[in-house]
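Required output: the full structure, derived from the provided sequences and hints.
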Amino acid sequence: MTLGRFGRLTDPPASFLVTDVRVIDPNDGSDAVRDLAVIDGFLADPGNASDRIERIDGRGLVAAPGFCDLHTHLREPGDDVSETIACGARAAARGGFTTICAMPNTEPPLDEPARLAWVIDRARDASCRVRVIGTVTVGRRGEALADLAAMADAGAVGFSDDGAAIPSSRLTRSALTYLRGVGRPLIEHAEDGQLADGSEMRAGPTASRLGLRGWAPSAELTVVERDIALAEETGGRLHVTHLSTAAALEAIRRARSRGLPVTCDVTPHHLAMTDAWVAGSRRFAWQEPDDEVSLDVDHAFDGLCRVNPPLPSRADALALLSGLADGTIDAIATDHAPHPAERKLVPFGEASPGMIGLETALGIGLAAVEAGCLDLARLIAALSIRPAEIISERRSLAIGQPADLVVFDPAARGPVTSDQLASASSNTPLLGVELPGMVRLTVANGRITYRS
Amino acid sequence: MILDAPRGTGSARHLLDVEGITRDEILRLLDLAEEMRRARAERTHRALLERETIGLAFYEDSTRTRVSFELAGKALGATVVDLGVAGSSVGKGESFVDTLRTLERTGVSLLVLRHGSSGAPYLAARSTGMAIVNAGDGMHAHPTQALVDALTLRDALGSLEGRTIALVGDVAHSRVARSNLHSLRTLGARVRIGGPPAWVAGFSGVDGIEVATRIEDALDGADAVMTLRVQLERAAAGGIPSLREYSRSWRLDAPRMEYAAPGAPVLHPGPTNEGVELTSELANGPRSLIARQVENGVPVRMAVLATVMSAA
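Residue numbers (this note's numbering), protein chains in the order written: chain A, 1 to 452; chain B, 453 to 764.
Keep in mind the hints are simulated off the structure, nothing from the lab. The structure presented is a predicted model; accordingly, all values stated were derived computationally and were not measured. Note that CB positions come from ideal geometry on N, CA and C, so glycine has one too. Nothing false has been slipped in among the hints.
Derived CB-CB ranges, DEER-like: (1) A:A315 / B:V519: 41 to 49 Å; (2) B:D669 / A:E342: 47 to 55 Å; (3) B:P693 / A:G235: 37 to 45 Å; (4) A:E370 / B:E512: 42 to 50 Å; (5) B:Q683 / A:A315: 30 to 38 Å; (6) A:S257 / B:Q683: 40 to 48 Å; (7) A:E370 / B:P649: 37 to 45 Å; (8) B:V746 / A:S322: 52 to 60 Å; (9) B:S547 / A:G139: 27 to 35 Å; (10) A:G139 / B:K526: 53 to 61 Å; (11) B:R475 / A:E389: 55 to 63 Å; (12) A:D291 / B:G545: 37 to 45 Å; (13) A:A341 / B:Q683: 31 to 39 Å; (14) B:D669 / A:G432: 43 to 51 Å.
Partial list, computed: chain A residues near chain B (C-beta under 8 Å): (15) L210; (16) L212; (17) A300; (18) F301; (19) L345; (20) P347; (21) E350.
Following this line, the structure appears as structure tokens:
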């Protein structure tokens, strides 16, 4: 399998015609096989496409609005070994993403306008639009609010101290109140630092079996409940990222049934992988679990399965999947968290938490679709228009709009291998696991950013 | 597992865990340990590992386990080197895996590994070609201690089939307890665990394990009672209010042992906190098997080393 070719946002606008492609547009719920024309970077009436532009045979392929990732770690500034803006953006393009939101827990953190501007400037000629999330607090230290309005003016699409929750309820209340005026969401990494302190994996039978310190779901639930209460009281906009437990999902469901505008996302790995993966299982949540995975030398205690929040119980993964299917969970966000091998090839509890996700998100989603847990249109909405809406952006496949789309082959399949990955890191336990779906074409703002 | 066949990283077999070992494998190890014990007493043991080099890598402090591995290796004729990892290049920024690979290049064929992180022996086994023997990893496993305990119990009770063994104390954080849960059940015993709720959490509903939250229930009719070392630093970090409070509810003493079967022996993996887990009368009295556990340490490890190196 080849890596394909990458383009940049600064390339000249593209013109092409994709024939007989299944176009799924969650904006209007349409799903039809038709021709799709792009002329000089804009969606056009296929009837107006001249014979001279390239024609792409779209039979068997699906076209959809370009994907938007609300949660990406690009590691710059500070750690260009794990990832760079350029490599992360190529990984995004290869995964069908046209927009990614860079998390601010870099070194130094993105906590002031000049630092945001630095990232935005470096991303100008990347293979994917890079939006920036600012920190909520100065230095991400959880002590005092950063200059949120100034960062919003510099381009921040939301604010998060990701990696940790805002530690104090008082500060969270201040942030939510202040952000009402700024008009951007608070993106919360919902985890009580004291409850989670020292934990290595999700609490449960596998943690007990392996002798790893357990992370209890209350660590997430208590912060989600706190934040909902504060959002309700202040009217601030709350977005909970990488939701990982059924209990917190229920709390959000209840809040939304009261009409609160609380939104949330889930990662592909919390939908598909379970705590049994730490013992060495490689079966997706929707597959029948192994009776009892015998601990084998190759897979047990693999640091690649260490992630925060930790991989959920199977019951919670299935609950998250149905929460995504019914729309309680708005979006899929990757929490793409690159780490070099040396931070993973260590005893489990010493491994840096996180896994890469931009290049496997669609594949995991399509595997869930194949298993009958999710419909394709809902998957596409959760990867494209819903996350875009959360950062107040729109995606349209209407004629006259700038082309921002992905064309993929849902039936192509193959194992994930590190030599295909465009990310600078390859830390994912999916290496060697077969996934469906291959992106053929990614078009961001009228430019072809990836093609295979 | 594992007395494992090769899996791509070399030809070594390993002892990483007790779970996954079959009843026959355990019995064979115990029988071999008895043989080693007899031979060693008669000074007739053979140099089965004569040209082998065994490295001891103890990332956590240990006296009795380290010494018994050293004596076991030497009794079998191997060259045994304490690699002193706790103080050496580990502090100079070299990674765990790099250190092990360096040791392998010096000619170590079997590595006895103790590490504070659960699962470290698995990483060692897949990253090097050495045979790995787990001498205790985090809260996960301590296979040779479980074999020592199984042999000691077998000496005292005969077959463990259908016997009830009570494990008392901080089961949840104990690698000794976790390994014993596997070996005892595999040998047909019923296991009952007892301790403050935070210390027995996570085992309700596990096949073959009963959970008790009062010492009377934990000991009721038990054929043997094993009490676990209270990790003082852990007690301070939570789970129990104080050692005094723990002893009040859970210390083994003569009156409490009345709940157990008549004459039921007492075990402790050591080192004991005198007066906390059990009274010194009990620890040093006729029901105590604590000294026997120590004595069985060397022959059991001889059996393990010989088996892992396919020399027995």
